[in-house]
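Participant: Sequence:
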Amino acid sequence: MYEKFMSLFSIIVRRTKALGWKLAAIFVVFIIAVVGIFLVYRDSGVPRYEFVEAVRKDLTGEVSVTGRVQPIEDVELSFEKASRVSSVRVRVGSMVVRGSVLAELDNGDLRANLAQADADVKAEEAKLAELKRGTRQEEIEIARAEVLAAEVAFSEAQNNFADKINDSFTKSDDVVRNKVDQFFTNPRSPYPRLNFETDTQLKNKLEFTRLVVENMLVRWQTNLENISSAGALDAQGKEARENLTTIKSFLEDIARAVNALTPTTGLSQTTVDSYKSDVSIARTNINTALSNLQAADEKLKTAQSNKILKEEGLKLKQAGRTQEEIAAQEARLLGVRAKADSIRVEIAKTILITPISGIVTKNNLKVGEIAEVRVPAISVIGEGGFEVIANVPESDIAALEKGHPARVTLDAYTSDDIFFAHIIRIDPAETIIDGVATYEIRLAFDKPDPRIRSGMTANIDIITGRRENVIVVPERAVVRKDGGKIVRTIDEAGSVHEVFVETGFSGSDGNVEILSGITEGDQVIIFERE
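Going by full-length UniProt numbering, the sequence shown opens with residue 1, and the numbers climb by one from there.
Straight line, CA to CA, 27 Å or less: simulated DSSO-like cross-link-like pairs of lysine-lysine:
1) K205 with K248
2) K205 with K238
3) K248 with K179
If you anchor each label on the Cβ, the simulated ranges turn out as follows:
4) S454 with D482: 51 to 57 Å
5) E394 with D106: 50 to 56 Å
6) N178 with F208: 17 to 23 Å
7) D109 with E76: 23 to 29 Å
8) A260 with N178: 21 to 27 Å
Treat the hints as calculated values from the structure; they're not laboratory data. All C-beta atoms in this analysis are idealised placements derived from N, C-alpha and C, irrespective of residue type, glycine included.
Construct all of the structure, not just a fragment, from the sequences and the given hints.
Facilitator: Here's what the structure looks like:
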């Protein structure tokens, strides 16, 4: 203290030289008076130390935060597709039960598609059941009867085809040897001669073709004797078509020659007209034979195919259904079921169903309006009561545990209205608020109370621990030294002692528990005056 005073005095002396000695003298006297008063006051008996007595008391730890009230369960429901609102079944304040339909969009087309898909499912289920049941004896008998009928039809078709082949030969023989041969001399000989004049080239062609046709008819007649066998029938049918085509071409050339005839002295108009009529009839008969043969051939092929089909069907029914057929039908059934399920999913997107029981708090829908996709349409809060959500700074989070009790006051009411709650959840991950790491906690009210409403501001005092009847001192009395903690005590003689202590629980009132080092009643220094 003396050294400080002398330093101050030296500064004052240097600065007062410029003021004049009179003023300096007055100023020095003033300073001496002040210092004197200070020295008198210092020695007037004011204590140098402030201290408290180590006492036994109960300690309570608290963390205070601010939060807000919200429902334990609440949902905002929206549609997954846009369409016209067809019905709204609730209004704000309506009580709803979990699973209730709240609103619906126009989905008539989807429901029609679903009805068709469900019908397809039933049809495929019936087919699968039939496959698994196997073929009944009645069905086998019916299949046998169908085979017999097909065999009869095939036999009749064969006979009809054979008849048409024979008829083709008959008509060909009549046309050539009765209708056409009147135009030739020695028509069946190796040297037939056309008996009227015409173009030389055409005349030569007709005479040569007549010889070819004669040989063809002889050979055709011989082959018809083996028409009974199935293989011969096919061959004869082919031969008949070829022969008829040859004769048709021959008649076309005859018609050219006959149509060119004109009446002469030895050839009357009546004879010419008769020739033309005979050729026309011949051509008609050959064309008819070709048509009849073609129709009989097609009928035979159809009867043969039907016979094979019925025979194979009988074999399948007699053999029963294979596992591959059953597996294929099961796959088809799965396909139509998947289609039906897909339509049901689309219908579900047009219906709002509440997943919780509770009260409707918002309703933004009107019938006839177009609902937008994923825009909140109806809000519901649950019946399960309310909870408080708060964010705790990281400096306090270590003191909190699930289950810690809390006292809650709400800004809507007085501080005397206390609601009790407890921690039910502490988020493991941080939430950054204004650049500060905090941790969200949730508290459940111990009892339901009609005064509690969603959105209210809550002042929360969380009790982190409690110690009863322990020795405590103010935390500011404890200082760290040499890796430990000490307090300074003062005895009756005024002597100060440094005592190492072990601390325990820290209370929210600024006191700390002393586990060892001092005893109840010890005087602990909390402040020292210089």
